[in-house]
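S.K.: Chain by chain, the residues:
Number of protein chains: 2
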Amino acid sequence: MISTLKRLFVGQPLATEQLAHERLPKRTALAVFSSDALSSTAYATEAILIALAVAGASAFWIATPIAVGIAILLITVAFSYSQTIKAYPQGGGTYIVARENLGTIPSLTAASALLIDYILTVAVSMSAGVAAITSAWPWLDPYRVELAVGLIGLVTLANLRGVKESGNMFAVPTYTFVASMMLLIGMGLYNIVTGQVVPAPPPETPHLPAEVGALSLFLILRAFAAGCTALTGIEAIADGVPAFKKPESRNAAITLAIMAALLVTMFLGITVLANAYHVIPDGSSEPETANSQLARAIFGAESPLYFLLQIATMAILVLASNTAFADFPRLAYFLASDRFLPRQFTQRGDRLVFSNGVILLGLVAAILVIAFNAREQSLLPLYAVGVFISFTISQVGMVQRWRRVKTPGWVRSALINGFGAVMTGMVMLILASTKFLEGAWAVIVLIPILVMVLLRIHRHYQDVAEQLSLVDAPRPRPVRRHTALVLVSGVHRGVIPALQYALSLAPDNVTAVYVDLDPVATEKIRGKWKEWGCGIPLVVLPSPYRSLLQPLLQYIDEVDAMYDDDVLTIILPEFVPSQWWQYMLHNQTGLQLKAALFFSRGKVVTSVPYHLEH
Amino acid sequence: MISTLKRLFVGQPLATEQLAHERLPKRTALAVFSSDALSSTAYATEAILIALAVAGASAFWIATPIAVGIAILLITVAFSYSQTIKAYPQGGGTYIVARENLGTIPSLTAASALLIDYILTVAVSMSAGVAAITSAWPWLDPYRVELAVGLIGLVTLANLRGVKESGNMFAVPTYTFVASMMLLIGMGLYNIVTGQVVPAPPPETPHLPAEVGALSLFLILRAFAAGCTALTGIEAIADGVPAFKKPESRNAAITLAIMAALLVTMFLGITVLANAYHVIPDGSSEPETANSQLARAIFGAESPLYFLLQIATMAILVLASNTAFADFPRLAYFLASDRFLPRQFTQRGDRLVFSNGVILLGLVAAILVIAFNAREQSLLPLYAVGVFISFTISQVGMVQRWRRVKTPGWVRSALINGFGAVMTGMVMLILASTKFLEGAWAVIVLIPILVMVLLRIHRHYQDVAEQLSLVDAPRPRPVRRHTALVLVSGVHRGVIPALQYALSLAPDNVTAVYVDLDPVATEKIRGKWKEWGCGIPLVVLPSPYRSLLQPLLQYIDEVDAMYDDDVLTIILPEFVPSQWWQYMLHNQTGLQLKAALFFSRGKVVTSVPYHLEH
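Protein chains in written order, with the working numbering: chain Z, 165 to 778; chain R, 165 to 778.
These are calculated hints, taken from the structure and not from any lab test.
There could be a bad hint or two in this list.
Since copy identity is lost for identical chains, a pair holds within one copy or between any two.
[Claimed, not checked] Derived EDC-like pairs (lysine to aspartate or glutamate); straight-line CA-CA distance at most 16 Å: (1) K758 - D721; (2) K758 - E738; (3) K767 - D730.
As the structure is a prediction and not an experimental result, all values here were calculated from the model.
Throw the hints in and build the complete structure from the sequences for me.
M.R.: Written out as C-alpha cells, the structure is:
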C-alpha cells in the first residue's frame, strides 16, 4: 500500500542511465538561476524600513542612501563572482572553491553556513510568498502557516519526482515578475517626475515605536545589514556554470551581469519609491507587505496589475525556494562523498534525485516556518549572516587560488576578489554584530557545532575504513568448532526445525535453553522434551525476577567463555504470523534478544522461521 | 541510562515469591473499596442540576425527588450485589460471573464495558478532583489539564512501583472526606431546621439557557440518568471479597451495607441542601463546582473547613481513580489469560504489577482528559452507560447461576438479583436513550467493536495453538542439504568471518552475492575477490534502478526454487559500531533485508557480526 502511494506521488522509478544534463541558453539560464536573487526584492526594502522605524517615520528617507550603498556592494560582489566563473567553468560552488584553496576547516565552515542558508531560503521565501498573497487577500492570513507548509510539501514532492528543469517553468514566473516590477517602478518614477505622487495610505497599526529613539550610526548599520538580504542568491550562477551553453564561462558572466543590473534596478527602484510614496511598514498582527502597499498606491487597489504583481511575487519566491531544493541535496552529496555526512546522502532515489537531502530540507524548513509563524521578517536576521560568511570564504579562496595558479592577469583578478572579500567580510561583521540579539547568534553558534559534527562523522568513517582494510589482514581462518544454543519458549512444531538446524550445524554440541517463569509450565515442557527433544539436552534457567533476557544473556556469556576456538551460534525459532497485526499478539522477546545480542561480541545469531497459515 | 531512570522512578525489581496478599479488616476495606463509589457524590448532584437547567432554575426542586429515586435504585443494586458476595467468596467480578453463567459474548460485552469504564473512571475522577481544587483556588483553572494529566502520571507511576495497599493511605483521605461531608450536611440541615438558610450567591454566569424550555418527562429521565453516576463503583466490594478477613462473605456484605448507607446519606444530603440553598450550576468558562458553592455557603467562603473539604474531595477522587488502576490491569490479565487480549497483559513487571495494563490505562485516560479539557461534566454522559451495562449483565448472570445451582434459599436470591437486573436494565435503556446524543453513542458503538476485536484475537491464538500442536506431527526430519548465500557489500575484514562461517555450514554450496550499483566499484571488488574470496564464487547482480533489495530478493527466490530438499541460509556480514550514533552513519540495508526476508518463507537468516573498535 505504501509502495502504491509512493508510485502515485513520486512516480515510476527511473533507470540510472536516464540521468542526463540539459544545456541552457542565456535567457533560460537567467530565469533558472536568478529567481533566488531577484525575489529578495520582495522583502529587502521593507526590512530596511522596519530597522529604521526605531527612529520614527522621519528616519525612513535614509533608506535610499542605504540602498545605494547596498547596490554598490552588490555590484562589487557580482564582479568578484565573475572572476570565479572564469576560474571554475566546471562550477565554482563555495564548498568546492574553499576545499581546493583553503583546506578542510574553512570549507566545512562555508558548507555549514550554506546548509543553514538553504534551509532559511526555503523558510523565508515561502513565508514571503504567502505574505504577497495574504497582502492581496487578507482573509487568507489566518491560514498562512498552513499555506507555507503546504507549499513546502508540494515543492518537496515535486523535487522527489525530479523537476525537469524545463526553461518555461522558470521563465514565465520570473519574467512576469521582472516585467511587472519594472512597470511598477516605471509608473512610479513617471509620477514622481510629473509630480502626481499620491502617498500610500498609512496602515491602521503602523510598525512605529510609541517612543521614537535617536537615529544612531548603529541604527543605520543595522538598516544596512537588514537590506543586505537583497544579495542572497547572487552566487547561484557561479555554482551552475556547467549548465550554460558553450562558451560556458562567457555566457555565465554575461548572465551574471544582466542579473546584477536587474537586481540593482529593482531594489533601488522599490526603495526610492517606498520613500517617495511614504510607505510605512504595517505593524498589525496580519501585516501587508511594503511592496503590496506601494503597488496598491501606484497601480490602484483593485487594479488587475496589482494582483498580477502579487501572484508573480509569490511564484518567483516559490521558484527561489526550489533553487534551494536543488542546491541543498547537491551540497549534501558533495559532503557525503567526502565522508563528512552520512552516506545515505549520496544515494539517488527512484527518480534519480538525492531524495534524502530533499526530504531533510523540506522537513527542517517546515519546522522553521511553523516556529516563526510564517513571518519572513522575523526569519531575516538569521538569514543573511550565513550568506555573507560563505561569500567571504569564497572570495578569500579565490584570492588564494590566484596566488597559487598565477595565470595571466592573476593580479587583477586577485585584487577584485580581494576587494570583494574585504567588503563582504566587513558586512559579515556588521551583520553579526547588529543582528546578534535578533537571532544571528543562533547561526553563529550553530555553524561551529555543525563543523564539529561533520568532522566527527569524517573521523568515524576513516576509522571504519582503517579497521576494515585488508592490508596486512591475517589469512582467513576456517571455523574449528561450532557450539549451538537453541532458545526455546515451549515444545511445539515451531521449535522442531530449529532443533534440526542446530543438529546439522554442530551435531554433538547443541544445547536447548528454556527460562523457567512458571514451575507448572516448566514441568510440562520437561515431559514433552523426552519425546520431541531430538536427543538434545535441555537446560532450564531460573528467573526469580521474571525476566527472560537477563538469565539468557548470562548463560550465553557463560557458554561463550567455555571454549576459545569455537563459534557460538544462537538459534532462535521464530514463528511468523501471516498478518501484520498479529505481530502485536506475540511476545517481542525474539526482537529484544536480537537487539541485546547484537551488542555483545562475537555471537552469530540465526533465525529459523516457522510460518503460520492464517 | 534508561535503566537507571527506570530504577529511580519504578524501584528495584521484586522476586516472584514476594507476591503476597494482605487481609483487610472492615474499617480499612471500607476505605479501600468505597472511594470510587463515595467520591461520585462530588459531581452527581451537579449533573442532575445541569440536566434540569434546560427548564430553568424553577425546575431545580425536582432534583430532590429524583435523588430519592436514585437512592432507592442504589439500595436495590447494593442488595443485589450482596447476593453476589454470598455466591462468590473468591471474588465475583462481572466478567467472572458472566463467563461462568452466561457464556462468551455476554462476558466479553461486560468486559468491554468495564474496560471503557475504568478508563472513564480515571478521566472523570481526576478531572473532578482538579475541579474541586480550582473551585477553591480559581487562579489554578488555566492549568487544569496539566494538573489532571500530571496527577494521572503520578498515579500511573505509583502503580508501576506497586502501591502497597496500606490501610492508612486510603483510610485518612476517605474518612476525612466522609467526616467533612457529614459535617457539611449536618450543619446545612441544622440551618434548615432552625430557619437560618442564607442562599448561595448565584454564579456570575449561571448555567441557565437564554430561553427556558418546558419541563418534560424526557428531561426528568435525563436528569435521573445524569444522577445515576452516583452508583458508579458500587460493585467494587463484590469484586474484592477475598481481600476481607474471615469470614470474608459476611464481612464484605456488612461493609457493602455500610457503604451504601453512607453513599445514600451523602448523595441525598447534598441534593436536598443544593435545593435548599438554591445552588445554580456555574456556566462560566472556569466553573466552580456545585459542591464548592454549597460548602462556601454553609461553612463560609474563607473557612478552613471549606478548604479541608475541597482538598479531601480531591484526595478521595484521586483514590477513586487509583481503584481503576487496580481493576483495569486485573481485568486485562483475566482476558489475556483467556486469550482474548495480547499475552503481554499477563506478564508481571519488575514490581510484580501488570505494568502493561497500568501504562495503557494511564495513556488512554490522559488522552481523554486532554480531549475533554479536563471537564468531568462533559465526560459524564459517556461514563454511566457502560457501568449499567455491566451491572445488568452481572445481575442476569447471578439469576442464571441461582437457577443452575439451586442452593437452599436460591429462589429468594434469584428474585433479588432478578429485580436488580430489571431495574438496572431499565436504567441502562434510559441512560442510553437520554444521553445518546451527548456522547453515550460512542460507548454504544465502541463496545461491540471491542467485543469483535477480543474475539478476533482469541481466534488467532487458537489458530496458532492448533498449528503448533505436536498431536499427529510428523517425526523430525534432519536437514539433508545446506545452501548458503553470503550477501557482501564489499571486500573487507568484516566479510571474511561470514565467508568462513558459510564454508563451515555448506562446504561445497556457498555463493557470495553482490549488487552492482557502480561499475567502477564492482570492478575493484572483482579484483580483490580473487585474493580474499576463500574460493567462493561471486555473483554480481545488476540493478538498473539502484535498488539493493529488489535484485537480492529476486535472486534469493531463484536459488530457493532450485532444490526441494535443502535449507537455504542467508548470511549477512554486519559490522557493529561501538557507539549508538554511529549506526545512523551506515546504510540500514541489513535491517531492511532482515525485515523483508522475515516475511518470505522458509529462509534461515544468520548475522555474522564484526565488531568495530571505536
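S.K.: Run every hint past the structure and note whether it holds.
M.R.: Tested hints:
no. : hint        : in the structure
1   : K758 - D721 : within (15 Å within a copy, 25 Å between copies)
2   : K758 - E738 : both (12 Å within a copy, 13 Å between copies)
3   : K767 - D730 : within (10 Å within a copy, 25 Å between copies)
Of the hints listed earlier, there is not a single one the structure fails to meet.
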